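Colleague: Sequence:
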Amino acid sequence: VHHTLGETSPAILAYERALTVNPRHSQARVSLARLLIEDGRFDQAESLREDSHALDPGLPDLHIESGHLYQATGRIEEAEASYRDALDIDPSFASAALGLASCRSDRGDVDGAVDILERASENHRHDPELVEQLALLEGVRGNLEASIELYRQLVELEPDNPSAWNNLATQL
Numbered sequence: 001v002h003h004t005l006g007e008t009s010p011a012i013l014a015y016e017r018a019l020t021v022n023p024r025h026s027q028a029r030v031s032l033a034r035l036l037i038e039d040g041r042f043d044q045a046e047s048l049r050e051d052s053h054a055l056d057p058g059l060p061d062l063h064i065e066s067g068h069l070y071q072a073t074g075r076i077e078e079a080e081a082s083y084r085d086a087l088d089i090d091p092s093f094a095s096a097a098l099g100l101a102s103c104r105s106d107r108g109d110v111d112g113a114v115d116i117l118e119r120a121s122e123n124h125r126h127d128p129e130l131v132e133q134l135a136l137l138e139g140v141r142g143n144l145e146a147s148i149e150l151y152r153q154l155v156e157l158e159p160d161n162p163s164a165w166n167n168l169a170t171q172l
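Going by our numbering, the sequence shown opens with residue 1, and the numbers climb by one from there.
Quick caveat, the hints were computed from the structure, so don't treat them as lab data.
Just so we're clear, the structure is a prediction, and the values are computed from it rather than from any experiment.
Each hint should be verified, as a subset may be incorrect.
What follows is a list of derived Cβ distance ranges for each label pair [stated by the list, open to error]:
| id | residue 1 | residue 2 | range |
| --- | --- | --- | --- |
| 1 | Glu145 | Arg17 | 47 to 55 Å |
| 2 | Glu122 | Ala18 | 33 to 41 Å |
| 3 | Arg24 | Glu145 | 46 to 54 Å |
For every residue, glycine included, the Cβ atom is placed at its ideal position computed from N, Cα and C.
Model the full assembly from the supplied sequences, consistent with the hints where possible.
Modeller: Written out as structure tokens, the structure reads:
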């Protein structure tokens, strides 16, 4: 509840308490890592990442959070490897594809990023975040027709999303 309300410190304490009660609680580890990264507490997130991977190396969420940590600290190659590890465990994991595509885009490989997202969208056609990122990247590539079509799809998925409408209008 605290994390949902944006109350960072009480949320961190609650996750830490959950881990005191059960140090192997994977979801608490993933949620705490995510919150520490969002809060810029990278050293703590790195320590938690190491412990978590030792306990449950097969959990794709942990690899995704590692990717987020590496990406936030500028370690793009390590981030890509973490996202690929998550996809190796679960090829349909949309957030891993989004992370990997973000890394590729950050390195200037927009075509590679689009390819990753197009493959992921085969299983997640109605995922607004995937559709939005594809629309954005198609615009960057100069493929305005595809970008417009994707933004139209996005406003159908999320009719109350002002950014989607704004981006559609910008492309039109």
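Colleague: Evaluate each hint against the coordinates.
Modeller: Hint-by-hint comparison with the structure:
1. Evaluation of the 47 to 55 Å hint for Glu145 and Arg17 yields a pass: the beta carbon distance comes to about 52 Å.
2. About 36 Å separates the C-beta atoms of Glu122 and Ala18, a value consistent with the hinted range of 33 to 41 Å.
3. Distance hint check for Arg24 and Glu145: the Cβ-Cβ separation is about 50 Å, which falls inside the suggested range of 46 to 54 Å.
Violated hints are absent here; each numbered hint is respected by the structure.
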